[in-house]
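J.: If you read the sequences in order, they're chains A and B.
Numbered according to the working numbering, the first sequence spans residues 395 to 737.
Numbered according to the working numbering, the second sequence spans residues 16 to 318.
Hints were generated in silico from the structure; no laboratory data involved.
Check each hint, because a few of them may be wrong.
Claimed, not checked - Simulated crosslink set (DSSO-like; lysine-lysine; CA at most 27 Å straight-line):
1. Lys550(A) / Lys233(B)
2. Lys404(A) / Lys439(A)
3. Lys309(B) / Lys550(A)
What the hints assert, rightly or not - Sample of chain A residues facing chain B (criterion: CB under 7 Å; computed from the structure):
4. Ile461
5. Arg489
6. Arg492
7. Gly493
8. Ile498
9. Leu507
10. Pro509
11. Thr510
12. Ala520
13. Leu523
Think of the CB as a built atom: it goes at the ideal place given N, C-alpha and C, for glycine as much as any other residue.
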Amino acid sequence: MNMQGLHEKKEGVILSVRNLSTSFFTGSGEVKAVNGVSFDLEAGKVLGIVGESGSGKSVTAYSILQILTHPGRIVGGQVLYKGVDLAKFSQRQMREIRGEQISIIFQDPMTSLNPTYTVGNQIGEAIRLHTSRRGSEVRDRIVELLTLVGINEPQKRADQYPHELSGGMRQRIMIAMAIACEPDILIADEPTTALDVTIQAQILELIQKLQDELGLAVIMITHDLGIIADMCDDIIVMYAGSIAERGSADDIFYNPHHEYTKGLLHSIPTMEKTDDMLIPIAGSPVDMLAMPAGCPFAPRCPSAMKVCMTDMPEELEIGDGHFASCWMNVKDMVMAEAGEQHE
Amino acid sequence: MLRYFLKRLGLALVTVGLIMTITFWAMNAVPGGPFEREKAPEPRVKAVLEARYGLDKPIGQQFVMYVGNVLRGDFGISLKTGREITTTILTGFKTSAKLGAMAIVVAVFFGLIFGMTAALFRNRFPDRLIIFLTTFFVSVPSFVLATLLLLVFSITLGWIPVWSATDRHMLLPVIALALYPMSYITRLTKSNLLDILGQDYIRTARAKGVAGWLIVVKHALRNALIPVITYLGPLTAYILTGSLVVETVFTLGGLGREFITAILQRDYPLIMGTTIFLSVIMIGMTLLSDLIYKIVDPRITFS
Ligand SMILES: Nc1ncnc2c1ncn2[C@@H]1O[C@H](COP(=O)(O)OP(=O)(O)OP(=O)(O)O)[C@@H](O)[C@H]1O
Ligand SMILES: [Mg+2]
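Construct the entire structure; sequences and hints are all you get.
T.: If you want it as structure tokens, here you go:
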């Protein structure tokens, strides 16, 4: 395998996930956490992944980096990074990718840092692993990174332990660690969920700023479509391990073609909508151990038809780069064709 | 930090004082005395002996005298052998310290190794074997284990001599003493390591590209060590009491044997000296384990 090519900068699509499926083989059966997911990520662009809790967003991210834990494993599909399939990589080969080409930050900055090492040490570890910097060069780089992520008194902070820093500050540390080796892709797995609202905005701003300055491609995972509206170029809507709809941010916001996406949009608070105008999606998420035969969203879908209960809809291209997996679209298309023939 | 340490030291001195007082009074409250045996000496002889060792004075006065002497570093002489208590204790302690230190090292070293192995091979053969053996060692009392070892390896198989000029005869006592704490540390390390390997910061380390073994050694083991360090205090207590039994079974002339003999013979100064000495070691080790704890876990603050 040509690992050398992976270090070159590349334009266009740098990550192409094809039909990715990941399952957890638990005592009570196979949990198909990710089920045939496909999407592309372009260099320097921001891709949002939204979906409610348990929809498989994190598992998708962990599958890309192969940091799944037992009993989870990739059961099918490809993760093409610059044309090379990472799903076929060994753990040893993946170590060259993680933190160097593709980095990730997590939901809970309180528990994601090792409590027994200083934050400088933990950032330095990434630098030493992937670069030839040693000694004072590492220290200089740590201070540079801390400054970059907006931490005051970087010299002092580097020698502090995680418990001495606030949640927002720890997430900045995580970000510093993630960008330490100038990766091509940054995956942010609900980076603000555990933080105060005021801090949330700051962290998102920081990620946007770094994305812009360093030309990172970002995968922004969230269950709150509202907070990433302004920053995403493309958006994927996930439901029960599958992609319900994907397209440009405009497609998703102004031309949604899946009932679940519509439901999500109705549940976003905005300036015009007051609390009692928000409509939460009725029903509860599917039982991942007993997936329905048809569309997983059908039991909760206001416009479900008979076919929705029995058959899984194919992904249909609605417009350029805009896909949805919903029988409604098939029906509309058939009706439109029938209408044409009628004339 | 220093203030905390001084405070702990002060408390430790108070504790030793209390132990000294309680032992002194309890020892004297038990009927009988050093010169009363089945074949009691003549009352006249006994009176002379008691006067010589100050045992004829009221207990309160005896206690004050004793404390005064101890403060001057004089622990008195043995009623039985006439040797200085300090000399007796230090001689006995040489053997006991060697035995205890070796047992602690063995227990911690193998406990960590077996615990790690069990965690990394969870639910597979090595784990099952280790858990089976440690369960066995934890549930069998040390005097049974000591006797069993002696019987099998020294008497039946004859592999290890009961006594030798080199330290080879220390092997079985060390094993007998170390098996229980080793098993305990194994189980402690295993459950901790499993818990820690599931923590978010381990995932962070993997996501950074750290190699699997380095994650265990650098990120997990250090955290898994913390409970083991807190166990060092109780471990010392176990080793101290355990050595009483083991030294007796293997007839090693250690402090434990000295102590038991002293109690059986009502050798008051020796009982006092040994008790004080053992409690100082015990308290010292607890203090030490607290300090190491602080070094390993930066979240601990002393106040
Ligand atoms: N270790 C595991 N064992 C069994 N099933 C798991 C495990 N981890 C995840 N899953 C399953 O995978 C599914 C997807 O989980 P995932 O963590 O990707 O959800 P998510 O979309 O990230 O949700 P959240 O918003 O809560 O983070 C869940 O329904 C869960 O049942
Ligand atoms: Mg998640």
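J.: Is the shortest C-beta separation between Leu507(A) and chain B less than 7 Å?
T.: Constraint on Leu507(A) satisfied, holds at 6 Å.
J.: Does the interface hint hold: is Pro509(A) within less than 7 Å of chain B, judged Cβ to Cβ?
T.: holds (6 Å)
J.: So, Gly493(A) near chain B? Judge it on the closest CB pair being under 7 Å.
T.: With a minimum Cβ separation of about 4 Å from chain B (threshold 7 Å), the hint on Gly493(A) holds.
J.: Quick one, are Lys550(A) and Lys233(B) close enough, alpha carbons at most 27 Å?
T.: holds (23 Å)
J.: Using the nearest Cβ pair, does Ala520(A) come within less than 7 Å of chain B?
T.: Check passed: Cβ of Ala520(A) comes within 5 Å of chain B, closer than 7 Å.
J.: With chain B as the partner, please determine if Leu523(A) meets the hint condition of a C-beta pair closer than 7 Å.
T.: Holds, about 5 Å.
J.: Could you grab the alpha-carbon distance between Lys404(A) and Lys439(A) and see if it respects the 27 Å cut-off?
T.: holds (12 Å)
J.: Please verify that hint: Ile461(A), Cβ, nearest Cβ of chain B, below 7 Å or not.
T.: holds (5 Å)
J.: Regarding the pair Lys309(B) and Lys550(A), is the alpha-carbon distance no greater than 27 Å?
T.: Holds. Lys309(B) to Lys550(A) sits at ~21 Å (cutoff 27 Å).
J.: Hint validation: Thr510(A) versus chain B, beta carbon distance must be below 7 Å. Holds or violated?
T.: holds (5 Å)
J.: With 7 Å as the cut and Cβ atoms as the points, is Ile498(A) at the interface with chain B?
T.: Where the cut-off is 7 Å and the nearest Cβ of chain B is about 5 Å from Ile498(A), the hint holds.
J.: Let's test the interface hint: is any C-beta of chain B closer than 7 Å to that of Arg492(A)?
T.: holds (4 Å)
Violation of the numbered hints given earlier is absent; every hint is satisfied by the structure.
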